[in-house]
Amino acid sequence: MPAFELNRTSDLSAAMTCSSVAASLEETSSMSSQAELAEIETGGASDTQSLINPILSKLLINLFQKGEYESVVSSAGQLLSEFPESIFLHNVMAESYSKLGHDVKAIFHYEQAIEIKPCPAEHNMQRDNKVNYHNNLAVSLKSLGLLDRSEQHLKAALKINPRFSPAYNNYGNLLNDRADIKGAQDCFLKAIDIDENSFRAYWNLHSTVSDAETAQAIVEMCLKAEPMYRDAIFTLAGMNAFKGDRSHFDSLMKSELSDDPILKSIEWVLSLEEKPSLHFNRWSIFDLATSLSDQSRPFYEFGVWMGDSFRYLMKSYEKGFGFDTFEGLPEDWRSVPKGSYSSFGTVPEIPGGEFIVGEFDKTLPTFFATERQKAALINLDADLYGSTLSALKNARSVIDEQTVIIFDELIINKGWQQDEFKALNEFCALFDLRYEVLALSLYTKQVVTRILPAS
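Its first residue numbered 359, the sequence shown is counted upward by one per residue in my numbering.
The set of hints was computed from the structure by calculation and includes no laboratory data.
Yeah, the Cβ is synthetic: ideal placement off N, Cα and C, and Gly gets one too.
Take the hints with a grain of salt, since some may be wrong.
Said to hold, decoys possible - So the derived label-pair ranges between C-beta atoms look like this: (1) G703 to K772: 27 to 33 Å; (2) N783 to E469: 43 to 49 Å; (3) M586 to E473: 28 to 34 Å; (4) R536 to G773: 26 to 32 Å; (5) P585 to I413: 35 to 41 Å; (6) K517 to T704: 28 to 34 Å; (7) Q760 to T728: 17 to 23 Å; (8) T724 to E426: 43 to 49 Å; (9) D645 to E473: 40 to 46 Å.
Claimed, not checked - As a list, the in silico BS3-like pairs of lysine-lysine whose alpha-carbon atoms are at most 30 Å apart: (10) K780 to K633; (11) K517 to K457; (12) K463 to K475; (13) K677 to K612; (14) K780 to K457.
Produce the complete structure using the sequences and hints provided.
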């Protein structure tokens, strides 16, 4: 079954890879027709009781290809009550839930597609596509922050097919999330060695380097593999503009693409009085930010999730404070469903870390009512406008001119001007402050700032 790579259009972060459902749907539809024909010819029962009507399977194909994933889930869900062990249905349900961002549900159906003992007509489909099921299951597990389980399924995929390029690309993304930059780089290079046209592996590879010239050369190689890849086109235009050659960027801004959030982000960066340093992964951003901070002070993190960033920052400080509900987003955020980024109530145990559990509006006023030490660094990973503004306002007493503040997703996302960016500007206006931008990463969407008096 051919693979396509799942990428969120406005997301420059490390995109995972996901296999296409359409080919397997068509394969299953063909199997169903053949099984029904065999039953007619022999006059006996076949295994069609485990296969859905080919017309219905084609309907699901059509709905999926049109992006009507809710309709696919609804229709396939009804059919599952009649065909509970249909690998085909579990696969299409998993793919659709993955597209909708419902990773917990996607995981359940991928696991079913792997574990169910297939009927004879679906045996070959499961055998031939199990590598994809493991790979896609790993994608959804990583989205939930379950890196160890994700790694298990990537290893399972590579055991089935040691030359499965998408799994190496995904493995690289996973290792990047663990701050294993060398391991990530090796995986991306392996993916490219297997498939020289794996443009997403090139794209992700550029996040493993530290200098802009090498990063730009890799982005150019990405575009040779896929000349129409917009993220790379826009980023390359931005890189050249940062160096003083705005010709390509200005041309894009005069086109119908001018409202793209990536281009708008670059436009904002170019408007800054002082040029910030350019970085390509979040660990480089953290290293730069900590080096600029007073490490005798504590750091504060708003939005902890699984604690990966907190754990990394803790290496540079004696004390850290983390704030989170540990139950995920309190509301839908753009296309990200409520409850995403949940640790399922599990609070990390990190030496030197103190975690305050609950909604910001309830916990922060009480916490900061007591005098707290000035912040060396604040990592704002609250995502939502309201949550970010609440964190900034309540933490005002620990912010001074030495405090380094990292906004985890200030730019790049669709509607970024209405989220952390809006909260930052409103906070500064409210307290007669201004901010300077010290560094940023287009790939990870992070921006490093300091807050200063307005005058």
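Status of each hint after checking the structure:
| no. | hint | verdict |
| --- | --- | --- |
| 1 | G703 to K772: 27 to 33 Å | holds (30 Å) |
| 2 | N783 to E469: 43 to 49 Å | holds (45 Å) |
| 3 | M586 to E473: 28 to 34 Å | violated (38 Å) |
| 4 | R536 to G773: 26 to 32 Å | holds (30 Å) |
| 5 | P585 to I413: 35 to 41 Å | holds (39 Å) |
| 6 | K517 to T704: 28 to 34 Å | holds (29 Å) |
| 7 | Q760 to T728: 17 to 23 Å | holds (21 Å) |
| 8 | T724 to E426: 43 to 49 Å | holds (46 Å) |
| 9 | D645 to E473: 40 to 46 Å | holds (42 Å) |
| 10 | K780 to K633 | holds (21 Å) |
| 11 | K517 to K457 | holds (26 Å) |
| 12 | K463 to K475 | holds (20 Å) |
| 13 | K677 to K612 | violated (49 Å) |
| 14 | K780 to K457 | holds (28 Å) |
The structure does not agree with the numbered hints 3 and 13 stated previously, though it agrees with the rest.
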